[in-house]
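Engineer: Model the full assembly from the supplied sequences, consistent with the hints where possible.
In the order they appear, the protein sequences are chains A and B.
Counting along the first sequence from 1, when you hit position 163 you're at 261 in the working numbering, and nothing is skipped either side.
Counting along the second sequence from 1, when you hit position 196 you're at 199 in the working numbering, and nothing is skipped either side.
The hints are simulated quantities; they were obtained by calculation from the structure and are not laboratory data.
Owing to the predicted nature of the structure, the values given are computational and were not obtained by experimental measurement.
A virtual CB, placed ideally from N, CA and C, is assigned to each residue, including glycine.
Be a bit skeptical, because a hint or two may be false.
Covered stretches of chain A, as calculated for chain B (at least 3 residues, CB under 8 Å) [stated by the list, open to error]: (1) 147 to 157; (2) 177 to 186; (3) 195 to 201.
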Amino acid sequence: MSLFEGHDLICIRGERHVFAGLGFAVPTGGALVLVGPNGCGKSSLLRLMAGLIRPASGGLSWAGTPIGDDPEAHRARVRYVGHLDCIKAVLSVRENLSFWAGLHGPAAAGEVRRGLEAFALEKLADMPGRVLSAGQRHRLALARLAASPGELWLLDEPTVGLDTAAQGRLTAAIAAHREAGGRVVAATHTPLDLEDAQTLALAPFAQAARSAEADLGAEFAW
Amino acid sequence: MSGFLGLLTRDLRLALRRRADASLAVLFFVLSAALFPFGVGPEANLLARMAPGVIWVTALLAVLLSLERLFLADYEDGSLELMVLAPQPLELTVLAKALAHWLTTGLPLIAAAPLLALLYNMDPAGLPMLILAMALGTPSLSLIGAIGAALTLGARRGGVLIPLLVLPLNIPILIFGVAALDAALGGLNPRPHIMFLGALFLGSLVLAPIAGAAALRQAME
Chain A
99 MSLFEGHDLI CIRGERHVFA GLGFAVPTGG ALVLVGPNGC GKSSLLRLMA
149 GLIRPASGGL SWAGTPIGDD PEAHRARVRY VGHLDCIKAV LSVRENLSFW
199 AGLHGPAAAG EVRRGLEAFA LEKLADMPGR VLSAGQRHRL ALARLAASPG
249 ELWLLDEPTV GLDTAAQGRL TAAIAAHREA GGRVVAATHT PLDLEDAQTL
299 ALAPFAQAAR SAEADLGAEF AW
Chain B
4 MSGFLGLLTR DLRLALRRRA DASLAVLFFV LSAALFPFGV GPEANLLARM
54 APGVIWVTAL LAVLLSLERL FLADYEDGSL ELMVLAPQPL ELTVLAKALA
104 HWLTTGLPLI AAAPLLALLY NMDPAGLPML ILAMALGTPS LSLIGAIGAA
154 LTLGARRGGV LIPLLVLPLN IPILIFGVAA LDAALGGLNP RPHIMFLGAL
204 FLGSLVLAPI AGAAALRQAM E
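Structural biologist: If you want it as structure tokens, here you go:
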């Protein structure tokens, strides 16, 4: 089975270890939920998976091939929705979305419509980005996922600001994506209703380092 | 290629919807050039003599003024992250942004330059050379500027740093741009100067996207 894997990952941000010795594996159709307190490196791990930052050590691979060997193929499958919503105030909702869909190949009008429908944005399609509320902005950012299909979804706090209806739509979109063989990695604080998802708990590094030291100490004491 | 055109049309559309921002550079160009006669006096011969230098220096400053926004807006709202993650090479993205910058800044400057030349009583016989030299020189200004704009992302007060980085690199363009025009007005052969401007343009066309893309990747870290 082809896996999206990471092993022995070390991430250093601003001379500070965010996490170390971290590993994960996501199979086809799998979901991985990252949990942990603020600042434990959930967002950094997602950016690392996307290829935006490089791990200080360790490696990521897709079906056995290191992603560094073929970064363009990895970029073609990654769909990243981070904290920033990438919305231009003077462009309409439709224009914003079709630009992002077009970045991954010519934007079919049908795909843009599907993106709008997936997050109930049809009525807002011609509104300029500046009039959207925080929740609507977030829905538009998520609509990028449906508007340009990609194999690996990386979602950073996907439920922030969403009402229950929109949360339901997100869960449905994720389920459909996994049904089609896609993978999802999501960092979240609110429980996401995902079927048989794996959970990766990240601990603040200082604490992890202390427990590693304790382990070592125990070994030496023995 | 579709990504390149998509980015170009988006940037042009953004500039069109925010005309006030886009017209700032050309407004600065005309206003600051119009100030010189107040400083040096209205003597017609002196102004005609100064025209090539004043037009080129103010054009260069006007381009500098507009550089800060080249990548900053996309950096701040996260768009740049997605562009880095897009399958198309980042070098093409930089090229598309620089081209959009030239179309919205350089082209209006070229259109306004003859007006200033007339204002300065420059010999109208030099107008074709003025336009040719600017058409070859201003794209290089946008391309070199893109490197500076990409390098200063994430730095506090990056807008102040850009001129420090970019101005020294722009000096050759200023020298050959003015020299071409002076030669044409003085009855000399402007060809070597124009060739140099062309060479600078071709050089920056190749190098700026590579350097700019490397700087953008760095900014993501």
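Engineer: Count the residues of the region 195 to 201 of chain A whose Cβ falls closer than 8 Å to any Cβ of chain B, and tell me whether that reaches three.
Structural biologist: Result for this restraint: holds, n = 4.
Engineer: Confirm or reject the coverage of the region 177 to 186 of chain A by chain B under the rule of 3 or more residues with a beta carbon closer than 8 Å to the chain's beta carbons.
Structural biologist: Since three or more residues must qualify, the claim that chain B covers the region 177 to 186 of chain A holds, with 8 doing so at under 8 Å.
Engineer: Counting residues of the region 147 to 157 of chain A with a beta carbon closer than 8 Å to any beta carbon of chain B, are there 3 or more?
Structural biologist: Check passed, 5 qualifying residues.
Hint compliance for this structure: no hint is broken.
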